[in-house]
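Visitor: Letter by letter, the chains look like this.
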Amino acid sequence: MKSIRNSLAELGKLKTDTCGKDFLLTWEKAEDEIRALLLVAEILSELHRAGKPLRVFDSGLAISIFRDNSTRTRFSFASAVNALGLGLADLDEEKSQIAHGETVRETANVISFLAEVIGIRDDMYLGEGNAYMREVAGAVQEGFDRGILHQRPSVVNLQCDIDHPTQSVADLLALKRHFGSLEALRGRKIAMSWAYSPSYGKPLSVPQGIIGLMSRFGMKVALAHPEGYGLIPEVVALARRNSAKSGGGFEVASRMEDAFRDADIVYPKSWAPFSVMQRRTPLLRKGDREGLKALEKECLANNARFKRWECDEAKMKLTRGGAALYMHCLPADISGVSCAQGEVAAGVFERYRHATYREAGFKPFVIAAMILMARVKNYTAALRRLAKD
Amino acid sequence: MKSIRNSLAELGKLKTDTCGKDFLLTWEKAEDEIRALLLVAEILSELHRAGKPLRVFDSGLAISIFRDNSTRTRFSFASAVNALGLGLADLDEEKSQIAHGETVRETANVISFLAEVIGIRDDMYLGEGNAYMREVAGAVQEGFDRGILHQRPSVVNLQCDIDHPTQSVADLLALKRHFGSLEALRGRKIAMSWAYSPSYGKPLSVPQGIIGLMSRFGMKVALAHPEGYGLIPEVVALARRNSAKSGGGFEVASRMEDAFRDADIVYPKSWAPFSVMQRRTPLLRKGDREGLKALEKECLANNARFKRWECDEAKMKLTRGGAALYMHCLPADISGVSCAQGEVAAGVFERYRHATYREAGFKPFVIAAMILMARVKNYTAALRRLAKD
Amino acid sequence: MKSIRNSLAELGKLKTDTCGKDFLLTWEKAEDEIRALLLVAEILSELHRAGKPLRVFDSGLAISIFRDNSTRTRFSFASAVNALGLGLADLDEEKSQIAHGETVRETANVISFLAEVIGIRDDMYLGEGNAYMREVAGAVQEGFDRGILHQRPSVVNLQCDIDHPTQSVADLLALKRHFGSLEALRGRKIAMSWAYSPSYGKPLSVPQGIIGLMSRFGMKVALAHPEGYGLIPEVVALARRNSAKSGGGFEVASRMEDAFRDADIVYPKSWAPFSVMQRRTPLLRKGDREGLKALEKECLANNARFKRWECDEAKMKLTRGGAALYMHCLPADISGVSCAQGEVAAGVFERYRHATYREAGFKPFVIAAMILMARVKNYTAALRRLAKD
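Just so you know, the protein sequences line up as chains A, B and C, in that order. Quick note: the first sequence, position 4, residue 3 per numbering that gives the first Met the number 0, numbers continuous. Quick note: the second sequence, position 117, residue 116 per numbering that gives the first Met the number 0, numbers continuous. Quick note: the third sequence, position 318, residue 317 per numbering that gives the first Met the number 0, numbers continuous.
Treat the hints with care, as some may be off.
As the list makes no split between identical chains, a pair holds if one copy fits it or if it spans any two.
[To be verified] Lysine-lysine pairs mimicking DSS-like chemistry, simulated, CA-CA at most 27 Å apart:
| no. | residue 1 | residue 2 |
| --- | --- | --- |
| 1 | Lys285 | Lys219 |
| 2 | Lys376 | Lys51 |
| 3 | Lys219 | Lys316 |
Since the hints were made in silico from the structure, they are not lab data.
Using the sequences and the hints given, assemble the complete structure.
Guide: Next up, the structure:
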């Protein structure tokens, strides 16, 4: 438990102001807050490894709203809230009356009377997911201000159109553990590259989350994608500014190979072009099936031009010592395994399979840390109590 | 916590016999039991506001059976059982085998071996919902009597065809808090009025629950609806008797305006005509889609004759000082917001929006109070312990 | 609580090695382990009857994966995990991405970071259910060995193609309680007989589980079924070997009457012919609807030849003293109640209805016992603590 004591000591030196707040975008959080979040997640993980209970709450509700399918985020959230002692209540929009003309404002309040946290996944429509989370946060704030809610639950972004903070922070924690410290990441090159997938319309939140967060810790971020597959321009600009400030670097390449060259870390992953997402959103809203089919056909045809964007052995050889760390948020489209041709060659994936599982393993503890820091004023003292138990 | 001490003292003076019992209709409960229920709910709410845990159970299951969509009742029940320390298990009839010929009697027993409470919502078919709850209650009673169940779970009515006790008691609590005491309600006029909605087939349980409960506390109850939109005659007769006994009043008006005149409280809400519900039930049972469509068409056409039954500013002006309290169980059909024309004008609703949210906020605590009083013999002592913690 | 003290004393004499293990087939468990399992389940049941909490865990997740509809097993599992203090998380494959090409290996790990137990029901396809459970168990074992999982969750078979251990152990416990002791079962005749049902394709796991388990305790097992309705030959062979070893008997009859003659216990239940299940599996895998329809038609026609295989009063008269104990896993196809003609005559079922409910009542405690013995090294000490509370 020496590592826990060290982490607790380090935690004491950081300045954070997270109690009662939401977690919507990593770049809205101060660097100290991100550092503290990593430490809290590490402590919770180490306590769990040591068989110690993580219960902090006697009761209380954690609400989840998943507007898209999810396995690992759903279970990560369920695991985190259970470990802390909260009960989970899923707002299943099919079973609820939310579809029948209820306003977000009203629903947010009437479900939240005993809620500590609301976790939301809403990543389908560009310009909507994060906005929806802010609408919910605004509604419960208003409810609290008007004496409707006894407490103001915190909203946690479980993936939106802009960012995927529980993923990117778990990834950062995986890197911290892999390389030994956050300081050891300074100067490391991370290649966040588009990769080919036979599917269409994957959200932009992972690549945006990665470049928006990793750029803050002195890393050299290389973003690569085919022409026309750009991310939200504001997020790219933010990553560029972050890099300049943190003493790292930022470049955009038009070939996977260029990004991979001398990279310490590679993150090859498919996403839909920003411009396509922009065209898709009004079609989805109108329920224009014909339009959506035509767009899908066009996109898949366009995608097919970039089948060479696969993380294969040849490209891995270009990385530093041919031994970059391969990362993925899972599930990966593995060539010859989960699809005929995909994001990553089977041999490459197999070599890093356990590493990607381990990477995923940080997510429940990151979510638990987000909740703990948002709900418990003196979370360091709470962790000390857990460590003593 | 002075208010909690006062409430506890007041509670000690009331005679109740609720342990091991169900909560199926408010009018099956003695007045002292309703008064105690309000006090227990208030105490739980105040304890929660003060940040005190409400946990009374170490473990145990609360089963929910929702035979209709629900958001706020679902979350109110989930919140209440979580706060008390119970786990929630939803009997999803689609996923279970209940549809495949199992009898209610058998299912009620085999799901209840570790259950403390069974919450049921079944409000669609006239003559069926409350009867189903009694069937379940009878089955678990038999199971307990025959040594099959170690304990006999209590059934809580989360809305049926006759009553909606968690709603009406929450509404009564909202009135008690708004006017200062139950005694202050004496002589107040409450207008329970039908209102126009573009939808069809809303249950009768809310208006019936309101007139059946409010008539017991000396209020002047004015029920208003268009011709042909009467409630279950037995419930109207009961409300009339209650009013006579409690020293209040009871009248049926045929115009919203008449009910609103000098009202202290207005509750404008759509419901389906009793006679239509009676015709609909056999059609639903037979699965007669054509018959149902024809009936819906006929009803919507009939409904459309009463679009003027909207709670608008002009009608609100008729109330006492033009400032009656507007109530609604939510979601309301708000003209120009959730529909073109509905139950309430947007301006009126907006003025009372926070009040309706606050009204909804009593429901989880009312449900928790129902469960506590049904499961814990000396619930007052349990509350004292929670207050001291 | 004398019975609890006696059971605890008896438990202390048994040698078990269950901690960290799965529960996949009863015949993989030593006789002492089955005896201990019965004792632990009895103690938990008696503690619950005495109103004592059964909480052993502070937090932790129990994952359920139901690949078939279920009411009583679902609620038994939910009840058991709640009583022990675990939270339930259901992997709903419709809502998750498991259908989108994820491998079992990956999913098993990414959902298990905080899991204590994974309960699986997968009984549809011959040769698949138990194999799937082993695949999941292998995946989390690999995850634990590679440091991905802090703990290796135990897999519990909630019914597969081969065995239904939570059912057969609950049935054995019902027999132990009915006849007074396991020793009192020695020499008793149990008739596990096929029975007619208007439905098609019921799993083989219950009859296989019954003959595989009851044959270990000196009982005379009589298996009866029409020609062509045989069980998996390896399981029949195993039951025969078990009987020889335990000093019981094993016979296969071709008429329900022969099995019932002088039986102490009868278990009449429908199942699909092994050979049909073998033909059905590839059809299901191919999604061959026409083929499935043709097979169903053929089978129902064949089934109809055996409508006389009903547990009626005349056949009950053949049993020892005309008073054998009737058992069923529920729901039974009751002639004239749940179907026109089925497995059991209404009068017979009604006479044993409470007994079958009581039989079902052991299941939650058997599951809780399986989890406790798989997760808590010194489970006897844990039970002692619960008994003292």
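Visitor: Now look at each hint and say whether the structure bears it out.
Guide: Here's how the hints hold up against the structure:
1. Lys285 - Lys219: neither (41 Å within a copy, 49 Å between copies)
2. Lys376 - Lys51: both (22 Å within a copy, 16 Å between copies)
3. Lys219 - Lys316: Within one copy only: 19 Å inside a chain, 68 Å across chains, cut-off 27 Å.
Taken one by one, the earlier hints fail for this structure only at number 1.
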